[in-house]
Amino acid sequence: MTNEALIAAIDKIGAEAETRQGAQYVETFVPFAKMHGFMKHLKEDDNLAFDYLICVSGVDHADHMQMVYHLESTKHNHMMVVKVKTDGRETPAVDSVTDLWPTAEFHEREAFDLLGIHFNNHPDLRRMFLDDNWGYPLRKDYKDDIHIVSR
Amino acid sequence: MDELREIMITTDEIKTDEYLINMGPQHPSTHGVLRLLVQLEGEIVHNVQPHVGYIHSGIEKMAESLSYPQIGHLTDRMDYLSAHQNNEAVALCVENALQVEVPERVKYIRTIMSELSRLASHQLWWCVMGMDMGALTTFFYGLRDREDILDIFEETCGARLTVNYSIPGGLMFDIHPNFQRDVKAFIKKFKTKLPEYDRLLSGNVIFTERTKGVGFLSKEDAIAYGVTGPTGRASGFSCDLRKHRPYSAYDKVNFKEILSDVGDTYARYQVRMAEMWESMSIIEQLIDNIPEGDYAVKMKGVVKLPEGEFYQRVETARGEFGVFIVSDGKKNPYRVKFRSPGFSNLFAINHIAKGWKIADLVAIMSTFDLVIPDIDR
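Protein chains in written order, with my numbering: chain A, 3 to 153; chain B, 832 to 1208.
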């Protein structure tokens, strides 16, 4: 499938998603309230069939957090990126996609651990690398006077 | 397969209390500081919970205050057995973002070095796997041959493990004048040594009894859990990025993607053994044809990436390694995320080991070829 056809197929899903051709891959921005239904379509639609979740990354922006999902279809060999903005950055929350891709459980736990992003309906959301009372180090306003020497 | 597991769990007539044991963080078969919380009934594994983070070093946080050439030097501390491929991933990501085209010579040398790393990594995996199963001799055989590759690395890169050889724009130095001679000598020698590996372990009755038909992973589950590399390919998941999304000089060589549809521990073993032959074939195709030219393009003193998000995937010895860089146009990245193959592979272990004996868990872990700094980052 060409990227134009892929964009057209993704546009058919709706869900207030905005899809465009990015620098490398097809990129879709989807509101956090609609994301789970949208991702379910991506996985289950035969023409899209995004069955392999490569990478889940969280990014701290000035006024919101962003979750970035890199997806690939092993059947059609196409790739896309889904980006979800959270509502604010103090108590950000998005839906978990663990029920669609089991590997998401651990990538989401990592994002929770390092960025403090909460995942609704996650089966086992707890810290992964760090202690329970540690802050969220990948947040831009994280301060650690003991371990980080700033010059 | 699932029925088989059910039978193993339910028809066990002697019922014992369930109990929890900690495997690790100091355990020889975890190959590093990894703790597995294993829930057992007698000898049968009911649940495995990996606990990671003992050597979490915050490389992603550190990278936010470093420049792009500096980040490359952190990546070979992650998966130190695939150090070259990790360097290459960062270099390719920065080059793609800046749209820098590196000389053909660089591509060829990078590919040869990647394959040498893969060989060295698989050799170490093989000898440690034998040791996990109680065969100490394999350890000496594997390390003996790995030494030759490390000597080649030392001569050309100046380091044996953390090579720091690929940098944005090309290579750190040109290859050593003896490089081609040494690599050819090594390939010639190792071709006679690899059959020894098979004679020593592959047909060994004790070894095959412990690995054949143990620890199945289906293709669907491999995809769902994101299990890549030889581990995923042993389940039939065609995930070799060298084939599907070729980078460097992989589009100029002929090689087979090794796939197996069995998905048990022995299949994972066989896939890695066959990959060593393929790696040698790739090196042989390239080593005499390294084009003349520069070993690097001139980059600016301060490398600044344009604003945007960049992703690069490479195939390391363990599977798919990804670098995700978010840039805001400054000399430091805004956010860096490393998608490490070991991380995704490790968490499939609960799914695979459930219903098997605790001794099988050691065999299954071995064929995952885990490197803990790769998981903890």
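Hints may contain errors.
[Unchecked claim] Partial pick of chain B residues on the chain A-facing surface, computed with a CB cut under 10 angstroms:
hint	residue
1	Gln1143
2	Lys1161
3	Tyr1165
[Stated by the list, open to error] Chain B is nowhere near these chain A residues, computed Cβ spacing over 10 angstroms in every case:
hint	residue
4	Met3
5	Ala7
6	Ala10
7	Glu18
8	Ala25
9	His38
10	Glu46
11	Tyr54
12	Ser59
13	Asn79
14	Arg91
Honestly, the hints are just simulated from the structure, not real lab data.
For each residue, glycine too, the CB sits at the ideal point set by N, CA and C.
These are the hints, each one checked on the structure:
no.: 1; hint: Gln1143; verdict: holds (9 angstroms)
no.: 2; hint: Lys1161; verdict: violated (13 angstroms)
no.: 3; hint: Tyr1165; verdict: holds (8 angstroms)
no.: 4; hint: Met3; verdict: holds (15 angstroms)
no.: 5; hint: Ala7; verdict: holds (19 angstroms)
no.: 6; hint: Ala10; verdict: holds (23 angstroms)
no.: 7; hint: Glu18; verdict: holds (21 angstroms)
no.: 8; hint: Ala25; verdict: violated (6 angstroms)
no.: 9; hint: His38; verdict: holds (17 angstroms)
no.: 10; hint: Glu46; verdict: holds (13 angstroms)
no.: 11; hint: Tyr54; verdict: violated (5 angstroms)
no.: 12; hint: Ser59; verdict: violated (4 angstroms)
no.: 13; hint: Asn79; verdict: violated (7 angstroms)
no.: 14; hint: Arg91; verdict: holds (14 angstroms)
Checked against the numbered hints listed earlier, the structure breaks hints 2, 8, 11, 12 and 13; every other hint is satisfied.
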